[in-house]
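A.B. asks: Let chain A serve as the given structure and place chain B on it in line with the hints.
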Amino acid sequence: DIQMTQSPSTLSASVGDRVTITCRASQSIGSWLAWYQQKPGKAPKFLIYKASSLESGVPSRFSGSGSGTEFTLTISSLQPDDLATYYCQQYNSYSWTFGQGTKVEIK
Amino acid sequence: EVQLLESGGGLVQPGGSLRLSCAASGFTFNNYGLSWVRQAPGKGLEWVSTISGSDESTFYADSVKGRFTISRDNSKNTLYLQVNSLRAEDTAVYYCAKSYSSNWCFDHWGQGTQVTVSS
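Here the protein sequences line up with chains A and B, keeping their order. In terms of the working numbering, the first sequence opens at residue -7 and continues consecutively. In terms of the working numbering, the second sequence opens at residue 548 and continues consecutively.
For reference, chain A alone in the conformation it holds in the complex:
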């Protein structure tokens, strides 16, 4: 199975900061990567697919990049509503896997 490793596990930033989360795959997955946001007690929300395509309705401060084995999710200007845990997910093979999550806290 393809392993997905996110870093950092937790990050604390101030409102307005630029925030970057990294996701690394144990083997090349092309651009078959998605990002999700999960707020406490809620179901995950779909943010980005194919590594860099923003889902309709998702604020433009969110962006994704990367290909192969290294990917990033960037929040250009952190907002209080962005308090959540973020997960990457690979869908290159018929055994889908998620990263362990990155918890974003507001300072």
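Do not rely on the hints blindly, as some may be mistaken.
[What the hints assert, rightly or not] Which bits of chain B does chain A cover? Going by a derived footprint, with three or more residues having C-beta under 8 Å, they are: (1) 605 to 614; (2) 628 to 637; (3) 650 to 659.
The set of hints was computed from the structure by calculation and includes no laboratory data. All of these numbers come straight from a predicted model, not from anything done at the bench. Just so it is clear, CB atoms sit at the ideal spot from N, CA and C, and this is done for glycine as well.
C.D. replies: The following block gives chain B in isolation, referenced to the frame of chain A:
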């Protein structure tokens, strides 16, 4: 509006069984793959199983293969997960999720149903 509504969770003893259901609306059901993703208490997301919309091919995580069975009833717009031989480590919230077009990522999620395995 796409809606996914899970049901069927509960408290079950180790070795027991449950059938989880996910009632879907707001999209052409048989055109899309559907999946189950679970989340153990305080842990991350774990993909469990997927069934395609076209030929109803099925896929399972190694951790549940041979114990769980995914199926769908296109006439009822409902997805199922039969979970057998349950173990304590199967305790989790089980989410139903819809695939995004031809991509095998998940654009809509249900609210989840809790499965607790305990004696």
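A.B. asks: Check, residue by residue, whether the region 628 to 637 of chain B contains three or more positions whose beta-carbon lies closer than 8 Å to a beta-carbon of chain A, and give the verdict.
C.D. replies: Three-residue rule not met by the region 628 to 637 of chain B, so violated; n is 0.
A.B. asks: Check whether three or more residues of the region 605 to 614 of chain B sit with their beta carbon closer than 8 Å to a beta carbon of chain A.
C.D. replies: holds (count 3)
A.B. asks: Check, residue by residue, whether the region 650 to 659 of chain B contains three or more positions whose beta-carbon lies closer than 8 Å to a beta-carbon of chain A, and give the verdict.
C.D. replies: holds (count 10)
Hint violations for this structure: number 2 only, all remaining hints satisfied.
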